[in-house]
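Chains A and B supply the protein sequences, listed in that same order.
Residue numbering for the first sequence follows the numbering used here, starting at 1 and increasing by one per position.
Residue numbering for the second sequence follows the numbering used here, starting at 1001 and increasing by one per position.
Hint data in this document are derived by calculation from the structure and do not stem from the laboratory.
Remember, it's a predicted structure, so these values are computed and weren't measured experimentally.
Note that beta-carbon positions come from the ideal geometry of N, C-alpha and C, so glycine has one too.
One thing to keep in mind: the hints can contain errors.
For lysine to aspartate or glutamate, the following EDC-like pairs were computed, each having C-alpha atoms within a straight-line distance of at most 16 Å [said to hold, decoys possible]:
# : chain 1 : residue 1 : chain 2 : residue 2
1 : B       : K1231     : A       : D100
2 : A       : K231      : A       : D66
3 : A       : K27       : B       : D1124
4 : B       : K1027     : A       : D66
Okay, the calculated bits of chain A under chain B, using three or more residues with CB under 8 Å as the criterion [as the list claims (entries may be wrong)]:
# : segment
5 : 51-64
6 : 99-105
7 : 241-249
8 : 280-294
Residue strings, one per chain:
There are 2 protein chains.
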Amino acid sequence: MTTEVQPVIKLTRGVPPAEALPCALVKDCCARALAQHGEVLLQYHPATGFTPLRELLAEEAGVSADSLLVGNGSIQLLFFLAQGMLSPGDVVAVERPTYDRAVTAFRTLGLEVVGVAMENDGPDPAALEDVVRRHSPRLLYTVPDFQNPTGITTSLPKREAIADIVRRADMVLVEDIPYRRLRYAGEDVPPYRELLPRQVVQLSSFSKLLAPGLRVGWALAWPEVVRDMAKLAEDAYITPGMLAQGVVYEFVRRGHLADNLHTLRNLYKPRLEAMLKALDEHLPRGRWISPQGGFFVGLTLPCGADAARVAEVGRKQHGLVLSDSSGFFPDGDPSRFVRLPFCALDEEEIEVAVARLARAVDEAMEDGR
Amino acid sequence: MTTEVQPVIKLTRGVPPAEALPCALVKDCCARALAQHGEVLLQYHPATGFTPLRELLAEEAGVSADSLLVGNGSIQLLFFLAQGMLSPGDVVAVERPTYDRAVTAFRTLGLEVVGVAMENDGPDPAALEDVVRRHSPRLLYTVPDFQNPTGITTSLPKREAIADIVRRADMVLVEDIPYRRLRYAGEDVPPYRELLPRQVVQLSSFSKLLAPGLRVGWALAWPEVVRDMAKLAEDAYITPGMLAQGVVYEFVRRGHLADNLHTLRNLYKPRLEAMLKALDEHLPRGRWISPQGGFFVGLTLPCGADAARVAEVGRKQHGLVLSDSSGFFPDGDPSRFVRLPFCALDEEEIEVAVARLARAVDEAMEDGR
């Protein structure tokens, strides 16, 4: 053990690095938005969101504006969706593991959350069939592109099989796609909305594409659902954060988003590669898939290692902070899973972080013997 | 009946007029906030709110920062407060009439809402005693200054009597004070927090003092409650709208708020006076109190007039849109009550609006005979 002070490294949540936040452009866009739309942006507004932004996003998606709602981040829109559509005691199916905040949102509403096992190319259709048969879920929540927390992208055959099950079961499928446009390799897979337009609600956000502090997310559904969600949004906060919506509108309208995505891909791609290389080198006994985009690599620790124990050893002995993995599992059993976010660290820090993780794994396994 | 086209006048919600929104200053403050704090404002952040703003507001209130939470408007903070403190089926006492969105928030949480009759100088303590005896409410929600929807300010003797009941009943009193600093005449009455510090939660917002579209409100409570609220806020939206909080911080820090309040008082005072004069002139058979600040005059229509019928005649015959009064009454019976917001119309429009209202009242009463 060394007495040298080492700066703590966080491998916790999916946070963009400071250098990814386009501060100067946001300032310009904000000035311009206030000059053009100040009286609207500073006033009360219908909870459907800033109309020019809503129209722009709807146009990009090829839908009418009444199919789209802009709110304060997508997790709250998921909450409104479930609040409007489901009743306490209803069952929601999620991937296992899944995005922890989605599970919290569903449980806050008194919903029962049931997991569907993930395979390397997406949720196992047979497991979903089984959940449908046993629990009759009303909704399936999925992150099909560069999933949080595993990094897995669901393959087209899997999407087709799952869409088929969802169609037959007359469920709603929610595809949450905040990472979809952050692809560093390979080809886009068609979204569920193309496979099953009448049963799919899409959620996304500008947190990973522009800046999380703006809190701008959107939902694409059918007009009746959008109306219901807007009513619940109005009850919750009257009006969404308008200034940030004005900024996002200007940012997209001026074409900065495309440039920014280019910058982000160039920034994050070598970080992902560094993470995969470091895992190869330091944790050859672990298992992971190689994501083609997004923010996360999901690691399965070697047999005999316990995620909670590794996190504890990492924190206490090696200046490494990991997420509480149990939150990703609806049953609370994290088994050997560790989520590794790679965007907020540079290549050198990633190498150091994974080396520390490997030492924590070794020590935790020795302790366990 | 005239065929001349008359522009519709809205006397619905408490909306500030466009000329009250300090657009240029918001632009300056936003640029400055981003230059100074861009990396924080564009990033994820603890749900307690932008730390410099939190500290500034806490200092102004004479409390430590851990007693204060800044969120996306005060109605959602009321929701988090009740969500954290109460359970479905619990009873909440409110003034009758009260702010309609507060009733909606409580009911969304499955709470039972019971009204306490309002007198000209605040809620009737005997009625509150009775509600306490019969329903054991856990919380009393009150808007003590220039109440929404009546304009009533609760007198000091009433506040003392109510504080005494709340103390003995071991309840929490929530005082919602968004209008408190918009006083156009008379003297401030001590807030409940001074009378009963350990049982009072204060809520307020910058919607009426600066701009509603920013969605910045705050709650002042004790640290454990603030912690619980922040946890629920994090579950709901992860991070509040940071850009707007940066703007509000700069606006307050630079001293613009004091100037803006001066401007608003000078703008709104003659509008209140015009409203009272027009009521005297056109509706001498109605009853109202003369508020000394805020956004609203609460009108009780002459005997025999029905609020819903008057609203219908106003809308169909006179180009006048009123609020649905039933929302202000927990029992849904609006009786003869009409809320008249006076800030968004100039003096001439107010005169026209009240003249139309008086004609609608006359016609509704004739119909009713």
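Hint by hint, here is what the structure shows:
1. B:K1231 with A:D100: holds (14 Å)
2. A:K231 with A:D66: At roughly 13 Å apart (the allowed maximum being 16 Å), D66 of chain A and K231 of chain A satisfy the hint.
3. A:K27 with B:D1124: Violated: K27 of chain A and D1124 of chain B sit about 51 Å apart, past 16 Å.
4. B:K1027 with A:D66: Measuring from Cα to Cα gives roughly 30 Å; hence the hint is violated.
5. 51-64: violated (count 0)
6. 99-105: holds (count 3)
7. 241-249: holds (count 5)
8. 280-294: violated (count 0)
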